[in-house]
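> Each chain is listed here by its residues.
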Amino acid sequence: MSQERQRPAVERELTMSRAVVEAIAEEMRDNEEVFYMGEDVADYGGIFDSTEGLLDEFGHDRVMDVPISETAYLGAAVGAAQEGMRPIAELMFVDFFGVAMDQIYNQMAKNTYMSGGAVNVPMVLTAAVGGTYNDAAQHSQTLYGTFAHMPGMKVVVPSTAYEAKGLMHNAIRDDDPVVYMFHKRLMGIGWMPAPQGPKTPVPEEDYTIPFGSADIKREGSDVTVVTLGLHVHRALDAAAELEDDGHDVEVIDLRSLVPLDTETIIESVEKTGSLVVVDEDYRSYGVTGEIVASVAEESLADLDAVERVAVPDVPIPYSRPMENEVIPDSKDIEDAVKALE
Amino acid sequence: MANISTRQLKSMYDDMVTARYYEERLQEEYMEGKQPAFDISAGPLPGELHLAAGHEASGAGVCEHLRDDDTVTAPHRPHHIAIAKGVDLKRMTAEIFGRETGLSRGKGGHMHLFDTDVNFACSGIIAEGCPPAAGAGLAAKKRNDDSVAVAYLGEGAIDQGAFLESLNFAAVRDLPVVFVIEDNDWAISMPKDRVTDVENGSQRASGFDMPGVRVNHDDAVAIHEAAGKAIGRARDRNGPTLIEVQVHRRMGHFMGDPETYRPEEDQEAATQRDSIERLAEDLRARGVDSATLDDIESEAHDRVDEAIEWAKDQPQPDPAQAHEDVFVNPPSGVTDSEPQYELKRGDD
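Quick mapping for you: the protein sequence lines, in order, are chains A and B. Per the working numbering, residue 54 is the first one in the first sequence, and the count goes up by one each step. Per the working numbering, residue 56 is the first one in the second sequence, and the count goes up by one each step.
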């Protein structure tokens, strides 16, 4: 959003995990009713550094290690939230969602609606997502489309430290359930090196980024590339390569799937006439189809060409050559842009 | 020790020294390309790796009783169980290296090993191997054969619904299932006293009216004895049993785990209580000489080295294979054509 580009100069850089933790810590200082629950989040600091350092400041009562009982502790977060507290509950890997699906989908996501708005569930469900390190089919999914499909949850996906902090502040303060999906590869974990992009300047003070505000990460006039999470960075890499071939690519970072900022996408497509949607989730019935359909409904006349780049409809394979085959890389994005011609 | 033959002890010893050396060699291979700064996605051996050094007695002591047609489900730390169950070592190793000739053609990896020849499978989601084991027991019961199923899980899994629901299901249906909790004291960073108020996981059995047994030391002979009763009971169609065995985690939760949460003395203790050395003493007490034990060990090492060398020599999968194996039947099912009927819809 253009107004955010006029923000005061900020130099201090953080990794995405430090930005996440900074936002959570600030909210915990401000509000005694904010607490964090998850597996290995206290003494370990989160397998993916999502809570690193919180235990030292807030202790075990507010940074709670839990039994491996996702149904119980995610459901307990729903219950505590309905009592007015502001729990943050972590799924160590989003792939573990199936263990606790009823609490997520039938309780957290629906109780507001089923109560006619009498009940609200001000909790954040954090979850590590994504592949690229050969962890195979049960530990590599993003499941963006799965969560975004079911009504009743706001779904946000930060791509940089700056986004991670502003979206987390908004998530904790929001009176509705927010699913906050952070990509492991972006966190800046020592043992899983991040690409260049996600470590960004981050303001010291707290700030909120509204959900439903996509960010144009790179302006361009020829092709609109819409994506999220890790693939924002892969799309930017592709755009830099394509520039040499004379393609001027615009890259839009969705930042949230629910709500979805169709306006920014459509404005861009009105300008470029070409749309590539890039997703690290499965191709069918997912994010790519949703974006293309939304643009087609609103602005079919502007749409000259469309490409989808996503995981084909197979579980994520273990072996490196096969994982590389199914998870889109920047070359796949370049090819998709070229295919529009 | 009256009920176990020296031949059986040697067989268990073989499985255990094979499993220990296997994990030591995998650790070496895994670290290649990942040093000095540990990068999980670098090097020729990809992905997460959960090694089971210190768990060997539980694999050997239980699986010594099992036949190929008995089913075993294992969790994310599966190698010692797979070895004791007789999973093809070469193809398992090729799978861990992500090669085309691996058990799953490179699609599964070390947490998702399937060997249908010996009815072995493992899964990376905590406690989720328990329901399929109950299902294998259900199939055996329905078919009136005398095979049994064994579900392995860690002590961190005993608070999970899939485990507790499976105990109840197996108990109420008298299924031929044995649940084996491997208690290595740590669920990643969580000591068990911080996540459950029962002292031992075996106490869970009492709520389901089934026998619950705990073996307090990682003593292969004691585990063998407890498992013998439980598996005999299952084979005789007298219902399920829950066994908990004390084991030790010698190599961290996963390779790269800094274990900063774990007291040094606990780490140290885990390396001192060695089930392999304990079993060697038992064998010597029966008059098996050190040369024989050395031979078993060196042959095991040769087999492991050979499997690893073989695996590393195997081809990488063709990337296009990623698109295969989603279904075994064509997407259309068992047919690609539909018969032509005239469906009469009553009076039009």
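No lab work stands behind these hints: they were computed from the structure. These figures come from a predicted structure and were not determined experimentally. For every residue, glycine included, the Cβ atom is placed at its ideal position computed from N, Cα and C. Among the hints, erroneous ones may be present.
Stated by the list, open to error - Some, not all, of what chain B presents toward chain A, calculated at C-beta under 7 Å:
| id | residue |
| --- | --- |
| 1 | 91 |
| 2 | 95 |
| 3 | 161 |
| 4 | 163 |
| 5 | 215 |
| 6 | 371 |
| 7 | 381 |
| 8 | 384 |
| 9 | 386 |
Stated by the list, open to error - Beta-carbon label-pair distances, calculated as ranges:
| id | chain 1 | residue 1 | chain 2 | residue 2 | range |
| --- | --- | --- | --- | --- | --- |
| 10 | A | 337 | B | 319 | 46 to 52 Å |
| 11 | A | 114 | B | 332 | 40 to 46 Å |
| 12 | B | 374 | A | 114 | 58 to 64 Å |
> Tell me if residue 371 of chain B is really an interface residue toward chain A, meaning its C-beta lies closer than 7 Å to one of theirs.
5 Å, holds
> Can we keep the residue 384 of chain B interface hint, with Cβ of chain A closer than 7 Å?
16 Å, violated
> Quick one, is the residue 215 of chain B hint okay against chain A at 7 Å, beta carbons?
At 5 Å from the nearest chain A Cβ, residue 215 of chain B passes the 7 Å test, so the hint holds.
> Does residue 163 of chain B pass the interface check with chain A, least Cβ-Cβ distance below 7 Å?
6 Å, holds
> For the restraint on residue 95 of chain B, tell me whether the closest CB of chain A is nearer than 7 Å.
5 Å, holds
> Are residue 114 of chain A and residue 332 of chain B spaced within 40 to 46 Å by their CB atoms?
About 43 Å separates the Cβ atoms of residue 114 of chain A and residue 332 of chain B, which means 40 to 46 Å holds.
> How about residue 386 of chain B: closest beta carbon in chain A under 7 Å, or not?
10 Å, violated
> Residue 337 of chain A and residue 319 of chain B, beta-carbon distance inside 46 to 52 Å?
Once the Cβ atoms are compared, 51 Å apart, the range 46 to 52 Å for residue 319 of chain B and residue 337 of chain A holds.
> Does the interface hint hold: is residue 381 of chain B within less than 7 Å of chain A, judged Cβ to Cβ?
5 Å, holds
> Does the CB of residue 161 of chain B sit less than 7 Å away from some CB of chain A?
Since the shortest Cβ distance to chain A is 3 Å, the answer is holds.
> How does the Cβ-Cβ distance of residue 374 of chain B and residue 114 of chain A compare with 58 to 64 Å: does it lie in that range?
With Cβ atoms ~50 Å apart, the hint is violated.
> So, residue 91 of chain B near chain A? Judge it on the closest CB pair being under 7 Å.
Since the shortest Cβ distance to chain A is 12 Å, the answer is violated.
Consistency note: the structure conflicts with the earlier hints numbered 1, 8, 9 and 12.
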